[in-house]
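As a plain string of letters, each chain reads:
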Amino acid sequence: MSNALFAGDPARDSRFVVKERWIECDNLPGDHPLHKLQFFHRQMNEEVDSLEASAQTLVDFPDSAWELRLALARQCADEARHAVAYRAQVERRGGRVGQFPVMNFQYRIISARTDVISRLVIQNRSFEAGALDAIAYGVEEAHRSGDHELAEFYEAQLADEIAHVRFANQWIRKALKDDPRTLLRMGVSLGAAAEAFRQVMGTEGTEGADYPAAVQARLDAGFTEEEVRQTIELASKARDTEKATPPRSK
Amino acid sequence: MALTVKQRGQHIATFRFVQVRLMEILAAWVPSTAEMEAKLLFGPHIWDAAQGADALGKRGHELRMRLQHSLAPAAEYIAYLDEAAAVTGAAKRIAVLYDVMLPGLMARYRRYLQRTDTLMDAPSVRVIEGILLANERMIREAAKLRAELPSLRFGAEAELQRLAAREESVVELVLETDDAPQAA
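Respectively, the protein sequence lines represent chains Y and H.
Under the numbering used here, the residue at position 163 of the first sequence is numbered 238, and the numbers go up by one with no gaps.
Under the numbering used here, the residue at position 88 of the second sequence is numbered 71, and the numbers go up by one with no gaps.
Because the hints were derived from the structure by calculation, they are not lab data.
Where a beta carbon is used, it is the ideal one built from N, C-alpha and C, also for glycine.
Mixed in with the good hints there might be a few duds.
Within a straight-line C-alpha distance of at most 30 Å, the following computed DSS-like cross-link-like pairs (lysine-lysine) qualify [claimed, not checked]:
hint, chain 1, residue 1, chain 2, residue 2
1, Y, 111, Y, 94
2, Y, 249, H, 41
3, H, 75, H, 127
4, Y, 94, H, 75
5, Y, 252, H, 41
6, H, -11, H, 41
7, Y, 312, Y, 111
From the structure, some residues in chain Y lie toward chain H, with a derived Cβ separation under 8 Å [what the hints assert, rightly or not]:
hint, residue
8, 127
9, 133
10, 145
11, 148
12, 154
13, 158
Produce the entire structure from the sequences given, and follow the hints as far as they go.
Laid out in structure tokens, this is it:
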């Protein structure tokens, strides 16, 4: 993997086995008895990654506006709570910390960017905005399966993530207004992040991983109706492309 | 003699500098500390430290300082903060922050409460009392974690005592100056 696209790994204790690429992880199929447990374990580590990325941004950009730093500090607290909650989900199902390999690609991709707006674009407006769709889907799925407690947890997480995406959208829009060249920087950073993500996930890691756009959550998070419409269109095109591609032998 | 408005503003702005520095120290420790439980202890406390800084930054403005501005403390205190920030290892970091830094800072806040006019400076008193409560909770949470995970207990008491003595050796935190406020 290209070093220019990735920051170094955050520290992990000896319970964790850290992998660089999705294909190197245990990717249990949906009907495997440990599939759900593995999912919660992965989410736990991703929340830790998100905490670490926000913390690193606080450290790396001490001259940012105080209100932005305050929002990042709040995000640190939220992501830590989410990690604790996912750990509880793991342990409730008889699992343990370190049971499955983890990846720190989110932290490594986000922290490789050298300006604060690019970090917000990638962490909050891309990764976390995508999570809005996944969590909103998770709420419905949990209700369908009768796990209303899990649905409530997801609802609470969704509210937090909406706030994270919203403050990022506000600061990104302000930066664009103050200096239109920000758009170019954002484009370069998004391109780099997309390439890094492709290197981590390959085609295998993203197959069937798209969720319907959570329209109201995205609007609440400060996306415009036009941006939400574009998201829906892009997701639809991606699904059509996937359907048109012959399945690979496994 | 009670503190003047200007002196109160300087104290509040100096405390804000320290709160911001605490936030930054905790933030730097999150990715660089291996133990997950320590990261998850520090994470919410970044927000606690930031809220304290924010409240002080607003109160400082009421005391005729610029909004959300900080004044650097005495050079010896900055050196002490830098030494604490450079500590490595989860157990030592936890001990330094929750057994030395926060208690030392809380003592300074309490001394301020003794010195100021609690009627005319009541808004500062409220802000500081809030920070003291938050710090007490942070210390309790660290104690609970160490009770659950003995591997996060730091054994070298003498090292902590030396650092605490360094903190106490800075008698006056606040530099009374006409210099313009500086951002932390």
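Open item on the list: Which constraints among the numbered hints does this structure fail? Numbers only, ascending.
Closed with: none
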